[in-house]
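Engineer: Residues per chain, in single letters:
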Amino acid sequence: MSEGLIHFINARLVDPASNYDGPGEVLVAGDLIRAVGPSLPRHPEARIINCDGHALMPGLIDLHVSTGEPGEEQRETLATAGKAAVAGGVTTMVLQPDTHHVIDDAALIDFITRRGRDQSPARVLAAGALTVGLKGERIAELGLMAEAGAVMFTNADKPIISTRTMQRCLSYATAFDGLIASRPQDPFLSEGGMMNMGELASRLGLSGIAVAAETIAANRDIQLAELTGAKLLIDMISAEATLHRIQAAKAQGLDVSASVSVHHLTLNENDLGDYRTFAKLSPPLRTEQDRLALVDGVRSGLIDVIVSGHDPRPAEEKRLPFDEAAFGASALETVLPAALLLYHEGLIELLDLIRALTIGPAQLLGLPQGRIEAGAPADLIVVDLGFPIRFDASRMVSKSRNSPYDGRTMQGKVLSTWVGGKPVFTAAE
Amino acid sequence: MMPQLPPSRAPFTKRHLLQIGDLNRLEALELIERAEVFLPFTQAREKKLPTLKGRTLVNLFFENSTRTQASFELAGKRMSADTVNMAVKSSSVAKGETLLDTAATLNAMGPDILVLRHGASGAAQLLARKVGCSVINAGDGTHEHPTQALLDALTLKRSFGHVEGLTVAICGDVLHSRVARSNVILLSMLGARVRLIAPPTLMPADVDRWGCEIYHSMVEGLDGVDVVMMLRLQLERMNGGYVPSAREYFRFYGLDARKLSYAAPHVKVMHPGPMNRGVEIDSDIADDPRVSLIVDQVESGVAVRMAVLEALASHGANDEVLDV
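Respectively, the protein sequence lines represent chains A and B.
Using our numbering, read the first sequence as starting at 1 and increasing by one per residue.
Using our numbering, read the second sequence as starting at 1 and increasing by one per residue.
Because the hints were derived from the structure by calculation, they are not lab data.
Bear in mind that the values here come from a model prediction, so they are computed numbers and not experimental data.
Among the hints, a few may not be true.
Said to hold, decoys possible - Pair ranges (Cβ atoms, derived):
| id | chain 1 | residue 1 | chain 2 | residue 2 | range |
| --- | --- | --- | --- | --- | --- |
| 1 | B | Glu27 | A | Gly407 | 25 to 35 Å |
| 2 | B | Gly110 | A | Ser300 | 51 to 61 Å |
| 3 | A | His344 | B | Tyr262 | 52 to 62 Å |
| 4 | B | Val84 | A | His344 | 32 to 42 Å |
| 5 | A | Gly407 | B | Ser261 | 49 to 59 Å |
| 6 | B | Arg25 | A | Leu189 | 35 to 45 Å |
| 7 | A | Gly143 | B | Ala104 | 49 to 59 Å |
| 8 | B | Pro200 | A | Gly407 | 38 to 48 Å |
Each residue gets a CB set at the ideal place from its N, CA and C atoms; glycine is no exception.
So that you can see chain A by itself, here it is in the shape it has in the complex:
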C-alpha cells in the first residue's frame, strides 16, 4: 500500500476550509490526501517534497472558463487551457457552455468531460446550457445533463430575455437542487455598450454600459430565486450597487451566491487607457470605488467565489478599433498572482482570498476537492507567495495571449501543481 506515497514537508499550509494558515505537513496516498498534521511520521517509501517554507494550498477551482473547443480551436483547446490552468495553479475548471456547438445536451456534457480527462492536466467539469442553443426559449435537458455530470447551468453571456422562461428554468432546477448561474446584464440597456458608462466613456467617445444594466438583471433573477426557491449564482458582478442586492438577498435567507472575476478586483476602467482593447471585458471594468467594494465583498464573504473569467481571444479579434474588438481576457495563468496583489497590498487576509478560490466554489458545487483534509482529492499547489514577477504575455501557455496584465509587476509564483496526487506542472527555475 506504499505505492504513490508523497510526503510534503516544510510547508506553510493555507487551508481556508479549516481556517488554518501555519506550518504543517501533508501525506498523499494515491490520488487522495491521507493525513494532514503539524508533523507526520516519515514513511520509508514516501517521496519527500520539501516545500522550503512555501505555501501549500488546495488547487484553485475556477467556475468560469471558456475555451474554443469544440468549434473554435484557434482560440483555445481543452489541452491548451488545461496546461494554462495548471501553470496558474488552477486544478479544476468549469467550462462555459457557449462554445461554437452549444453544450446543451447530455452527450455533449459527456464529450467535454471525457475529452477533458484525456487532454487536460487539470480537472474539467462542464456547465450545461440553461436553454436549448442558449436561445432563451426552451429549457434544456437539465436533468439529463446533471446525470451526465453537468455541475451547474448557465445561459452564459446571453441573457434570457423572457422573465417567464427564466422563472421556469429556475423552478425546474429545484427538482434536483441544480445550481443556476446568471450573468446579470440587461441586454437592452447595455446594447452597443463598450465600457463602463461615465465620464471616461464620454470623453473617449465610447458607448457606455450603465451599472443599472447589471442591477436590473440581478434584481430580476434574485426575485425569481425568491419566487422559485432556486439556488442562484449571480455570476461575475462588476459594481458596488450589485453587491448591495446580493447582501439583501443573503440577509433575506435566499440561496443566492455571487462571483467576481479577478480582473474586477484588480483593475478599473482607467486601465482601458488609450483604448487598450485587452482590458475590454464583459462585464466592463468599473470605477476604483467599485473595485474596492468588490474586494471588501470577498473579504466579508458576501462574494463566495473568485473566477478567472478566462476568455481566450486571438490577436486578430483584439487588435482592432475598440468598438470592433472582442470582449474578454485570457486569465487562467494570472488568476493567482493577480489575486495575490490584493493580499500583498494588505487589502485582504490570505485565507479570505484563497477561500473564494478553493473551498468557496467547492461548497457551491458540492465538490470534494478544494480543501486539505484526509480523504479529499490530492489537488494541491505549492506557491512562492512573494516571488516577484514581471508578467510577460508573450510567454503565456494559453493559446491566446490577450492579457490585460502584460508588463505588470506582480508577486506569486506557482512552483508545482498536483492533480489527484500526480505532478502536472513544475515551474522552470
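Got chain A sorted already, so can you dock chain B onto it with the hints?
Structural biologist: Same frame as chain A, now just chain B:
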C-alpha cells in the same frame, strides 16, 4: 515667385495630432497663430509654399467626408506635399482587410503624414501605434476631431480678436459629436466659457464633469452668449430613438431668429457642416453674413491644416514603428 513666410516661433514636439488633450495651451495657441500667418496665402494668387516639398501626405478616409478630405488635400498641395487620397470604404475593407492591415500596407509605402478619418473612437490612436509616420486624426467615431476645433478657434479669433473670455454655446447632438468633444477641451483651454445645450438623451453621461455649464433649454442656454456653435444631428437619430421627430427637435433645439434673439447682440453662429437646414438651423441665419461664420470656418480650415502639417513635418521622415 514663392511667397515669403516668417519662421515659426517654437518647434512642435508632438509626433501626432490625435486629440486636443495632447496639446498644451501654448502649442494650441502657436498652431492657431501660425494658421493666421497662412491665411493670407490661401487668398493670394500664388498659393504654393515649399515647406513640404518631397513629403507624402496620405488621406485615409474610412468615412465619406468631402469637405474635410478636400481641406486636407488642399492644405497638403499648398505646402507642396505629394498628396494621395485613399477612399478605403470602397476598396480593401469590403474585402475584409482591417485597419491595421491597411496601416501596414500604407506604412510600407513610406508616407510622412497619414490623415485618418474612421468610424470607431480610438482608431487614430491604434493607427499611430502601428505606423512610423505622423498621424492626424481627422475624426474618429464619437471621440475627437482636433483640426475642427483648431479651425473653430481660429475663426473665433479672426472674428472677435480673441477666444479668451468668450461665452460659447455648443448646441445639439453632443452625445455623438466629436466636434463638441474637441471644442469643449480646446475652448476651455483657451479661456472661453463653454455651455452645452441638448436634450438629455443627446447629452453624454457625467457631462457635468467636463467643466461646462449644462442646459436643456435653448432660451436659457443662449442667454447672453457671444457664439452659438450648432452641431449636426444625424437624420436617423430623429425618428424616435433619441428625439421624437425632426419637427419637435427643430421646435425646441433648432436655431431660429427667436431663440437667437436671447444671445448677445453681436452673436456669431457657427456650424461644422454639412447642415440640415430647417432641422438644426434656419436657413436665414445660416446664410446671413452678419451673423454666420460658416464660410469663414471653411477658409480657416485650410489654414489650420497647413499649420498642423508644417508642425508635424518638423519631425523626421518615416521612423521606426513604436509598437506596444
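Engineer: If a hint holds in the structure, say so; if it doesn't, say that too.
Structural biologist: Hint by hint, here is what the structure shows:
Checked against the hint of 25 to 35 Å, the pair B:Glu27 and A:Gly407 passes, with Cβ atoms roughly 29 Å apart. Distance hint check: the CB atoms of B:Gly110 and A:Ser300 are about 59 Å apart, consistent with the given range 51 to 61 Å. Look at A:His344 against B:Tyr262: about 59 Å separates their beta carbons, and that is inside 52 to 62 Å. At about 53 Å, the CB distance of B:Val84 to A:His344 disagrees with the hint of 32 to 42 Å.
Between A:Gly407 and B:Ser261 the beta carbons are some 58 Å apart, a value that agrees with the proposed interval 49 to 59 Å. Under the hint 35 to 45 Å, the C-beta atoms of B:Arg25 and A:Leu189, about 39 Å apart, fit the expected range. Roughly 53 Å separates the CB atoms of A:Gly143 and B:Ala104, a value that falls within the hinted 49 to 59 Å. As the Cβ distance of B:Pro200 to A:Gly407 is approximately 41 Å, the hint placing it in 38 to 48 Å holds.
When held up to the earlier numbered hints, the structure conflicts with hint 4 and nothing else.
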